[in-house]
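Trainee: For what it's worth, the UniProt record's numbering labels the leading residue of the sequence shown as 1, then goes sequentially.
Where hints are given, some of them may not hold.
[Said to hold, decoys possible] The calculated lysine to aspartate or glutamate pairs, modelled on EDC-like cross-linking and capped at a C-alpha distance of 16 Å, are:
#1 240 to 194
#2 364 to 198
#3 31 to 87
#4 51 to 27
#5 36 to 94
#6 142 to 48
#7 125 to 103
#8 31 to 94
#9 167 to 382
#10 325 to 179
#11 24 to 73
#12 267 to 73
#13 279 to 300
#14 151 to 13
#15 313 to 229
#16 155 to 103
#17 142 to 121
#18 220 to 194
#19 388 to 35
#20 151 to 229
#21 155 to 27
Simulated from the structure, these hints should not be mistaken for lab results.
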Amino acid sequence: MSSDEWQKVRLGDVIEFNPNEKLKKGELAKKIGMDKLHPLQRYIRGFEITKYTSGTKFRNGDTLLARITPCLENGKTAQVTVLEKDEVGFGSTEFIVLREKKEYTVNDFIYYLAISPNLRDIAIKSMTGTSGRQRAQVDLIKNTPMKFPPKRIQKKIAYILSTIDEKIELNNRINQNLEATAQAIFKHWFVDFEFPNEEGKPYKSSGGEMVESDFGLIPKGWTVTRINEIANVVMGQSPKGTSYNENGMGMIFYQGRTDFGDRFPIKRLYTTEPKKIAKNGDLLMSVRAPVGDINIANEDCCIGRGLCALRSKDGNNSYLFYLFKNLKTQLDIYNGEGTVFGSINKNALVNLSVLQSNQSLINKYNGVISKLDKQYLVNAKENYRLAKIRDTLLPRLMSGEIRVPMEVAEQKN
Numbered sequence: 001m002s003s004d005e006w007q008k009v010r011l012g013d014v015i016e017f018n019p020n021e022k023l024k025k026g027e028l029a030k031k032i033g034m035d036k037l038h039p040l041q042r043y044i045r046g047f048e049i050t051k052y053t054s055g056t057k058f059r060n061g062d063t064l065l066a067r068i069t070p071c072l073e074n075g076k077t078a079q080v081t082v083l084e085k086d087e088v089g090f091g092s093t094e095f096i097v098l099r100e101k102k103e104y105t106v107n108d109f110i111y112y113l114a115i116s117p118n119l120r121d122i123a124i125k126s127m128t129g130t131s132g133r134q135r136a137q138v139d140l141i142k143n144t145p146m147k148f149p150p151k152r153i154q155k156k157i158a159y160i161l162s163t164i165d166e167k168i169e170l171n172n173r174i175n176q177n178l179e180a181t182a183q184a185i186f187k188h189w190f191v192d193f194e195f196p197n198e199e200g201k202p203y204k205s206s207g208g209e210m211v212e213s214d215f216g217l218i219p220k221g222w223t224v225t226r227i228n229e230i231a232n233v234v235m236g237q238s239p240k241g242t243s244y245n246e247n248g249m250g251m252i253f254y255q256g257r258t259d260f261g262d263r264f265p266i267k268r269l270y271t272t273e274p275k276k277i278a279k280n281g282d283l284l285m286s287v288r289a290p291v292g293d294i295n296i297a298n299e300d301c302c303i304g305r306g307l308c309a310l311r312s313k314d315g316n317n318s319y320l321f322y323l324f325k326n327l328k329t330q331l332d333i334y335n336g337e338g339t340v341f342g343s344i345n346k347n348a349l350v351n352l353s354v355l356q357s358n359q360s361l362i363n364k365y366n367g368v369i370s371k372l373d374k375q376y377l378v379n380a381k382e383n384y385r386l387a388k389i390r391d392t393l394l395p396r397l398m399s400g401e402i403r404v405p406m407e408v409a410e411q412k413n
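My request is simple: use the sequences and hints to build the entire structure.
Mentor: If you want it as structure tokens, here you go:
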């Protein structure tokens, strides 16, 4: 049970890298894109069914490790669980696929090894290529020696860490349901115009009066307005690179879309010379491709030129958040018609036309949804604390510094 039982081995001898699997070109299969992986979250959120042309291939239990910057540094690593038994899926060519060698390793342990500093630091140091397009080198990782525990200890370590991740995933599912509820109400009221009328009945289907507008028929009393009428906009500006640090000095700094999480950005970088500031609760929007992706600042922060901050003029930030979620189609035109060089400037953003209902309906929606958003934040904060505990235990368990108790159950594989 001590670290004496651990043996130093070459990673390639105990882990299968990019295992061979068969998919015929043109065959329909589940595809997992890089966008389906979320930083340091074990479970993959979705997939698409499309024809296989090229890419990495994998099965359930395999770990997908992003090999390209900044995805690797941001912690995009996940374990595949969305396939059926014996089903083969495929994904980005920028994944490294890791699989157990049954004689030596178990898949769940390999996932935790992949998100630990033990392997991540090796992968990051192996990166080569031009700035902004660097990739981890598989051969260098495979040839790296590392101490491994016997399989029975691997299973116990995986079980300890999995209990934390399962609670994180439960909170994630609750938050997905909270957001889906808020989205459904927004669509029902502000897109389908079925908000409650004076009698509590759906407005449009109950014969509510509609009038012509630039947006087509809209409820009587609604108007077409612009973003600068409902929100204050601050465009980001990047501080000097010499002011950046990762040790918490100064103010948290978000450069752009790559810092986004599910709803709240991920802390990676700080600056001692902040230029443009977003306040706690402000909407953060990507102003460079992909234009229109959004997060929420959960503390005061500095924003770089890839972002802008929006603050509701009437304090209805929950309404503003879901309004912008429903503006994605309008904002997509600024994505350079599919190129990666799309952007939107302040003039275009503040003059973007939006539909505005009466204020009492916005206040009513915000009053209901802000309660859901507060619960979302509570769950997200708990996940942050749980992830901190997991990430503190992780390197110590992986090095054998913490002894695994005999009574710990083994994770089923």
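Trainee: Does each hint fit the structure? Answer for all of them.
Mentor: Each hint tested on the structure:
1. 240 to 194: violated (50 Å)
2. 364 to 198: holds (13 Å)
3. 31 to 87: holds (12 Å)
4. 51 to 27: Given that 16 Å is the threshold and the Cα spacing comes to 5 Å, the pair holds.
5. 36 to 94: Between residue 36 and residue 94 the Cα gap is close to 13 Å, so the pair holds against 16 Å.
6. 142 to 48: Violated, at roughly 30 Å.
7. 125 to 103: violated (29 Å)
8. 31 to 94: Within the cut-off at roughly 13 Å; holds.
9. 167 to 382: Holds: residue 167 and residue 382 sit about 9 Å apart, inside 16 Å.
10. 325 to 179: Between residue 325 and residue 179 the Cα gap is close to 11 Å, so the pair holds against 16 Å.
11. 24 to 73: It is violated: about 33 Å lies between the C-alpha atoms, which goes past 16 Å.
12. 267 to 73: holds (12 Å)
13. 279 to 300: The given pair, whose Cα atoms are some 4 Å apart, holds under the 16 Å limit.
14. 151 to 13: holds (14 Å)
15. 313 to 229: Status holds; Cα separation ~8 Å.
16. 155 to 103: Given pair residue 155, residue 103 holds - Cα atoms ~13 Å apart, limit 16 Å.
17. 142 to 121: Given pair residue 142, residue 121 holds - Cα atoms ~14 Å apart, limit 16 Å.
18. 220 to 194: holds (13 Å)
19. 388 to 35: Distance ~23 Å between residue 388 and residue 35 Cα, so the pair is violated.
20. 151 to 229: Violated, because 62 Å separates the two Cα atoms, which is more than 16 Å.
21. 155 to 27: Violated. Residue 155 to residue 27 sits at ~36 Å, over the 16 Å cutoff.
Going through the hint list in order, the structure does not satisfy hints 1, 6, 7, 11, 19, 20, 21.
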